[in-house]
Every structure is written in structure tokens, then in C-alpha cells.
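> Assemble the complex: chain R is given as a structure, and chain U must be docked to it using the hints.
The residues making up each chain are set out below.
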Amino acid sequence: MSSNNHLDYLDELEAEAIHILREVAGQFEKPALLFSGGKDSITLVRLAEKAFRPGKFPFPLVHIDTGHNFVETIEYRDKMIDRIGEKLIVGHVQDSIDEGKVVEQTGKNASRNALQTVTLLDTIAKHKFDACIGGARRDEEKARAKERIFSVRDEFGQWDPKRQRPELWNLYNGKIHKGENVRVFPISNWTELDVWNYIRRENIELPTIYFAHKRDTIVRNGQLMAASPFLNMDDEDVITNRTVRFRTVGDMTCTAAVQSEAFEIDDIINEISESKISERGARMDDKVSEAAMEDRKKGGYF
Amino acid sequence: MDILKFITAGSVDDGKSTLIGRLLYDSGAILADQLEALHSSNRKNDDGSIDLAILTDGLKAEREQGITIDVAYKYFNTDKRKFIIADAPGHIQYTRNMVTGASNSNLAIILIDARKGVIEQTVRHTFLVSLLGLPQIVVAINKMDMVGYSEEIYNNIVADYQALAQKLDLKNAVKFIPISALKGDNIVHESTNLPWYKGESLLHFLENVEIAVDNKTEHARLPVQWVIRPQTDELHDYRGYAGRVLSGSFHVNDKVTVLPSGFTSTISKIEQLGVEPTEAKTGMSVTIHLEDEIDISRGDILVNSRQQPQVAKMIEADLCWMDTRALDADHTYFIQHNSKLTRCKISEVLYKININNLEKVYDEEFKLNDIGRIVIKTADELAFDPYHENKANGGAIIIDSRTNVTVGALMLRSAVD
Chain R
1 MSSNNHLDYL
11 DELEAEAIHI
21 LREVAGQFEK
31 PALLFSGGKD
41 SITLVRLAEK
51 AFRPGKFPFP
61 LVHIDTGHNF
71 VETIEYRDKM
81 IDRIGEKLIV
91 GHVQDSIDEG
101 KVVEQTGKNA
111 SRNALQTVTL
121 LDTIAKHKFD
131 ACIGGARRDE
141 EKARAKERIF
151 SVRDEFGQWD
161 PKRQRPELWN
171 LYNGKIHKGE
181 NVRVFPISNW
191 TELDVWNYIR
201 RENIELPTIY
211 FAHKRDTIVR
221 NGQLMAASPF
231 LNMDDEDVIT
241 NRTVRFRTVG
251 DMTCTAAVQS
261 EAFEIDDIIN
271 EISESKISER
281 GARMDDKVSE
291 AAMEDRKKGG
301 YF
Chain U
1 MDILKFITAG
11 SVDDGKSTLI
21 GRLLYDSGAI
31 LADQLEALHS
41 SNRKNDDGSI
51 DLAILTDGLK
61 AEREQGITID
71 VAYKYFNTDK
81 RKFIIADAPG
91 HIQYTRNMVT
101 GASNSNLAII
111 LIDARKGVIE
121 QTVRHTFLVS
131 LLGLPQIVVA
141 INKMDMVGYS
151 EEIYNNIVAD
161 YQALAQKLDL
171 KNAVKFIPIS
181 ALKGDNIVHE
191 STNLPWYKGE
201 SLLHFLENVE
211 IAVDNKTEHA
221 RLPVQWVIRP
231 QTDELHDYRG
241 YAGRVLSGSF
251 HVNDKVTVLP
261 SGFTSTISKI
271 EQLGVEPTEA
281 KTGMSVTIHL
291 EDEIDISRGD
301 ILVNSRQQPQ
311 VAKMIEADLC
321 WMDTRALDAD
331 HTYFIQHNSK
341 LTRCKISEVL
351 YKININNLEK
361 VYDEEFKLND
371 IGRIVIKTAD
381 ELAFDPYHEN
391 KANGGAIIID
401 SRTNVTVGAL
411 MLRSAVD
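Residue numbers (the UniProt record's numbering), protein chains in the order written: chain R, 1 to 302; chain U, 1 to 417.
Same shape as in the complex, but just chain R (with noise of 0.2 Å):
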């Protein structure tokens, strides 16, 4: 067999990650595919569909909502939930608050990203979920690079990387004793442009807030934030109405905008071609430290 042979590198990821999702069918009980309304898991719905259609997919979605969502998110997620026909779980970080479990966040700073780990965690005991799918890749940070495509959680959704299962060749070892649970990464292997050129080729609809528009933000800690009810706003903020988009989509108050004129899914795989700053580098929950993420994900983040 020559080289032209080869599978195309998209075809490839895709191909891998579809049968990732089917490991998981095979594999488990009550898997959840845990949805954000992000790229990334927009791009895990549409493997699914190449996955299990004409049938169900063998998992409901979960959508951990902090409250501090982008309208276009929701309207995006409802509208989606339309087409796919598919079920929809959504965890809402205010029900941990009301309950007691997590406090709100004061000051300038605050914000609900945190406490939505409280939130998954009472979503994924409450259902039972024995695996949960999610959207990150490897190239987004180093503790996700050492990573496991199956990464076994305990009951408290610990992350060991000291105890990480060898995952050989393409058998990805799904076996775990009652309560934990595994976090399943299909796109693992796919950078921030294969997945932009995947979308692309798929031709793909996602929420406008990644694309160029007009919107009020102001200047957080150096980085262009959306004004919005959810962000603590005093005197000393100014708004200026820009022309920015959003490269992630999470929670209004840690999520920063890119002044931007990419209108067009062209001009976006260019501007990120030529890119001036990694994609978690528009995360100001990774800012805390070095090690934030590795810290979040011991304690059971995403």
C-alpha cells in the first residue's frame, strides 16, 4: 500500500474519534455526552450523528448551565436540540447555590466558573453517569497532553496523573469499580485548526458569538470582556463598543473577546493561521497560575 493511500488527516481524526464514541456505547452503561455549546462539542454532536444515526444516539446530552450564559448559547443549544431530536439534561449551578453547596463568588473578579465543577459532579451522581464525554484536546495545555483519551475519575472525579492507565494501541480499557466514573475525549488528537477545518468541511452552524460583531466590552485584567448584568461593573470600567468575536464559549465572566473582523469561517482559520495567542490564552480562569488546570482537573473539572 503507498502512501496515497493514506487517509486524509481529517478523515483520520474523524475516523478515530467515531470509534471512540462507539467504544463508549459498547462499553458502558449510562454514558452522557457532556455538551457546552462550545466548537468543540458542537463538533462531538455531529460525530455522534456520523456515529449512531439512523439510530439514537446511546447517550442523553448534559449541559452544566451557570447561569452566565451567552443568549446565543441557549438560543444555539434549544434550536440544535430541534434538529437532533436527541435528549437534554441541564445542570444548573444556581440549584447548587440554592442548595447550599457552592457559595457565590464576590469582588471584582467573580465568577461562576468554579463552582460549575460542584455542579457536574451532583449531575453525574445524580443520573448514574458511568462515562462522560467531553470536548478537550491535547494541544489546549500541558496537564490536558498527558491525558488519557479513557481518564478514569474516582467517585470524588479526581484526576491521578500518577495513576493513569498505559492506553495501548487503539483498546482504550473502559473497566471501573462503582461510583467512578470515565471522562472520554474523542478529538483528543485534533488542534484548534483541525477542528475549525473540520467544521469547515462539515459545514457546521455555530452560535454568531464566534464570529466578528459589534458588542459593549470593556477592559478586564488586560483582556476585552463582554458587559454584561453578570459581570461586576463599577465606575472605574469604561464601555466601549468594539468589533470583537469569542474563540471559546463559556461563562460571561471569564470568557475574553478578540477584537476581530473574521465575518466569515475563512477569514477565522486564517486569523487563528497566523495566530498571535493560543486559544486558552482568551481563558482568564487559566491565568491563576501555571498549574491551574492541572489543579482543576484533580478536582474533578472537565
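Be aware that one or more of the hints could be misleading.
Cross-link-like lysine-lysine pairs, in silico, DSS-like; alpha carbons within 30 Å at most [unchecked claim]:
hint, chain 1, residue 1, chain 2, residue 2
1, U, Lys367, R, Lys162
2, R, Lys50, U, Lys255
3, R, Lys214, R, Lys30
4, U, Lys281, R, Lys50
5, U, Lys345, U, Lys377
6, U, Lys5, R, Lys175
7, R, Lys175, U, Lys183
8, U, Lys367, R, Lys178
9, R, Lys79, R, Lys175
10, R, Lys79, R, Lys128
11, U, Lys269, R, Lys56
12, U, Lys5, U, Lys183
13, U, Lys377, R, Lys175
14, U, Lys80, R, Lys50
15, R, Lys178, U, Lys345
16, R, Lys175, U, Lys313
17, U, Lys345, R, Lys175
18, U, Lys345, R, Lys162
19, U, Lys183, R, Lys56
20, U, Lys198, U, Lys80
21, R, Lys30, R, Lys79
22, R, Lys126, R, Lys175
23, R, Lys178, U, Lys377
24, U, Lys5, R, Lys50
25, R, Lys126, R, Lys101
26, R, Lys50, U, Lys269
27, U, Lys255, U, Lys313
28, R, Lys30, R, Lys178
29, R, Lys178, R, Lys162
30, U, Lys5, R, Lys162
31, R, Lys101, R, Lys30
32, R, Lys101, R, Lys128
33, R, Lys87, R, Lys56
34, U, Lys313, U, Lys367
Bear in mind the hints are in silico, worked out from the structure with no lab data behind them.
Same frame as chain R, but now just chain U:
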């Protein structure tokens, strides 16, 4: 554009981290905010240049202990290829990690320190790469700047390595490249410091090397992962077998055998969301339809009826043990071979290999990082191909039923009567 997956074997002392850092840096795979962190770091080389090894720095848990505990995956691409690097620590106690990284790679870069030449570690790395069946080896002779870019030293190391390859009966293709990861000689750009070297740079080689495949990959294999049965009114009789083609290719109208049951049928349709290709090629995830309604479930494998694999319950295999608890011959483990999961016992240890001098050892106890040949007995039949002929259908893992941890890697060889 296709994907090349490679593993880098070597220790920090050989300049492995610097090499990877250099590949990422010189190919422009480092973004501004990472670069900023790099420049603001206090760690610098002796000549004041930035220490590229920082780019492969590990987890806090690792830095605290001053060790590398795990395989890290790194990504970069050029106009020609997407590259996935499995960065495995090279110390002796990490055989497990190297085996893991090598299992998913098409090519291995074995680093040799030009000042040290072929050493015990080189033997170990070459043996593991050969055992795991990687088709292509690049021997990167590093730190050429520390030996005055000497052609003679380079030639001596090449000769030593060729002698080792002969002793090992190495089947892998081998390419030698003199480099200095620190100075950037021959990594991305060809070097004026090595005028006697007429070959290409490392990256140029990686971009252009033909990704070789296994000998018998024309033998069509598809393990069934999941059966799609919508059971709706309009799709009442729909029954699709979902899986990924391990090797070879399947076509509509091909006669196929379902193993281990042995039922045969004919492919009536191949599906991929919305399209119906007439061929399912190696690596594709597809849904297969058969003309006959037969009992097929997860764990069964579809094969081309003219290309049968071995089917057995007693199998000779090479084993790499990966757990701190030694192999227990009385214990019943699980074996996972593609989508098939069944119980197993290690019925016999034939020998172990001392991977530093490649001598056989007849000592029954199989401990962490031990490698050797065994006979495994499985509860259900496995339909497999010898690993050295078809990696995709010859690899399996052993799972400890007490801890659920993956404790062994198996390279299946042949059925035992």
C-alpha cells in the same frame, strides 16, 4: 495531507526535550503567549539563548519530584503533514511508557549522544521499537556541536548501531541523521556546520518519509463495536454493524466470515452518515450491512472469507508487564482484543528478556517493566493475526479484574495446539 505519529526515545540528558522544543519552535508551532512565557523564564542556556526544553515541561506533580511520569502528546504541522509526537520518558523504569507511546506510532526517533555513542539505553530503545513493530527508525546522533561536528565520530556511531541492528535482526528501516538540537543544526534547516553530511534535515525527512504499513494489511478485518438497530416503524429491519476497518478493505458484494462463530454472508451496503461508499478502506469508521440475518454482536469480527485469521484459545505471545503488582499465574485476568473482552490466565512463562543485553532469563516472576514470551489461555476464542504481520489485529491488553487497571501489553504470535 496525512498524519505521521512518532515517538522520541531518549532521556533528558540526550537532549530529547530540546529536540522536541526545537521542532516546535523552528516549525512555528509555538504561539505568542507560550513564547512570552518562554522568554520570561529564568532558565537559559549557557550562551544566554532560550532553553527550548521548557516547552516540554511537565506537570506540577512531575516538577515537584523532578521526574517525568508519563507520555505527553505534542502536535505540530507543516504544509505537508500533521505530526503527533509521543514524548516518552527514556529511563529504564519507564519501559511501560515507551511501549505505550510506541504502540501508537509509525516511526521512532532514537537519540544518541555523540559523546557517548551506542550505550545500554540505545539497545533497550531499539529492542522496544523492534518489538512494537514500528516500520521506520531515525537514529538522531545529537550534540554534534560538542564533538566538533566530527565526521569520524559520526561514522563510528553509525557502524556501532549497524552492528547492533544486525545482532537484533532488525527489520525496521533505519535512517541516520547528525544533529545538534541545541544549536538547531539539521533539525529544520540543513546545517553549514556539517558540510560532509549530504542527506536531508530531520524535519525534511519526517515530512517526506513514506509511512510504511504492515505486511498483511491487505487482509480485511473489522471488529464489530456496536449494532445499530433503530427499531422504528420505517426502519424496522435496519441492522448495521458499526466498526472501524483495522486493515485491508471491504467492498459491496464481498463474501465475509463472522468470527469466532464462522457464519458467512455477503456485504450488501456500506454506510457513512449520508453516503454509501462502495469501499471501506483501512482506518475508516463505517457501518456494514449483510445480506443474511445472522447473530452478530459486539466482540465479533468481520473478515474477508478468503483471508482467514487464526482462531484460538491458547496463544503464544510477547508480554510487557506494566503493573507494580507482579503477574500472578493463579489469577484470572481480563484480556481486551479490539472489541472483544474475555477472561484469561497466563498458563506458561517461556522466558523473559534482559532488555539491556537481550539475553534470555528463566525466572518465573514477571514484574513491572519485564518483557518476555508467554502462553496465554483465554475463556473465549480470539480471532487474531500475528502482531508482526498485522499490528492492528495482533495487539491486546491485560486488565486486572481486582483493580481494573491495564497491567500488560500483549503482542500475539501464534495459536498453540
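> Could you run down the list of hints and mark each one as holding or not?
Hint check results:
1. U:Lys367 x R:Lys162: Holds - the C-alpha atoms of R:Lys162 and U:Lys367 are around 19 Å apart, at most 30 Å.
2. R:Lys50 x U:Lys255: holds, 25 Å
3. R:Lys214 x R:Lys30: With Cα atoms ~42 Å apart, R:Lys214 and R:Lys30 exceed 30 Å; violated.
4. U:Lys281 x R:Lys50: Status holds; Cα separation ~17 Å.
5. U:Lys345 x U:Lys377: With a Cα-Cα distance of about 5 Å, the restraint between U:Lys345 and U:Lys377 holds, given a limit of 30 Å.
6. U:Lys5 x R:Lys175: Distance ~27 Å between U:Lys5 and R:Lys175 Cα, so the pair holds.
7. R:Lys175 x U:Lys183: violated, 47 Å
8. U:Lys367 x R:Lys178: Holds. U:Lys367 to R:Lys178 sits at ~28 Å (cutoff 30 Å).
9. R:Lys79 x R:Lys175: violated, 35 Å
10. R:Lys79 x R:Lys128: holds, 27 Å
11. U:Lys269 x R:Lys56: Roughly 20 Å separates the two Cα atoms, so the pair holds.
12. U:Lys5 x U:Lys183: holds, 25 Å
13. U:Lys377 x R:Lys175: holds, 21 Å
14. U:Lys80 x R:Lys50: Roughly 27 Å between the alpha carbons, so the hint for U:Lys80 and R:Lys50 holds.
15. R:Lys178 x U:Lys345: With Cα atoms ~25 Å apart, R:Lys178 and U:Lys345 stay inside 30 Å; holds.
16. R:Lys175 x U:Lys313: Holds: R:Lys175 and U:Lys313 sit about 22 Å apart, inside 30 Å.
17. U:Lys345 x R:Lys175: Distance of about 18 Å is within 30 Å: holds.
18. U:Lys345 x R:Lys162: Answer holds: U:Lys345 to R:Lys162 is near 27 Å, not above 30 Å.
19. U:Lys183 x R:Lys56: violated, 56 Å
20. U:Lys198 x U:Lys80: Roughly 22 Å between the alpha carbons, so the hint for U:Lys198 and U:Lys80 holds.
21. R:Lys30 x R:Lys79: Roughly 25 Å between the alpha carbons, so the hint for R:Lys30 and R:Lys79 holds.
22. R:Lys126 x R:Lys175: Holds: R:Lys126 and R:Lys175 sit about 21 Å apart, inside 30 Å.
23. R:Lys178 x U:Lys377: Roughly 28 Å separates the two Cα atoms, so the pair holds.
24. U:Lys5 x R:Lys50: holds, 25 Å
25. R:Lys126 x R:Lys101: holds, 14 Å
26. R:Lys50 x U:Lys269: Holds: R:Lys50 and U:Lys269 sit about 16 Å apart, inside 30 Å.
27. U:Lys255 x U:Lys313: holds, 25 Å
28. R:Lys30 x R:Lys178: The hint holds at about 12 Å.
29. R:Lys178 x R:Lys162: At roughly 21 Å apart (the allowed maximum being 30 Å), R:Lys162 and R:Lys178 satisfy the hint.
30. U:Lys5 x R:Lys162: holds, 24 Å
31. R:Lys101 x R:Lys30: holds, 25 Å
32. R:Lys101 x R:Lys128: Roughly 19 Å separates the two Cα atoms, so the pair holds.
33. R:Lys87 x R:Lys56: holds, 10 Å
34. U:Lys313 x U:Lys367: Holds. U:Lys313 to U:Lys367 sits at ~24 Å (cutoff 30 Å).
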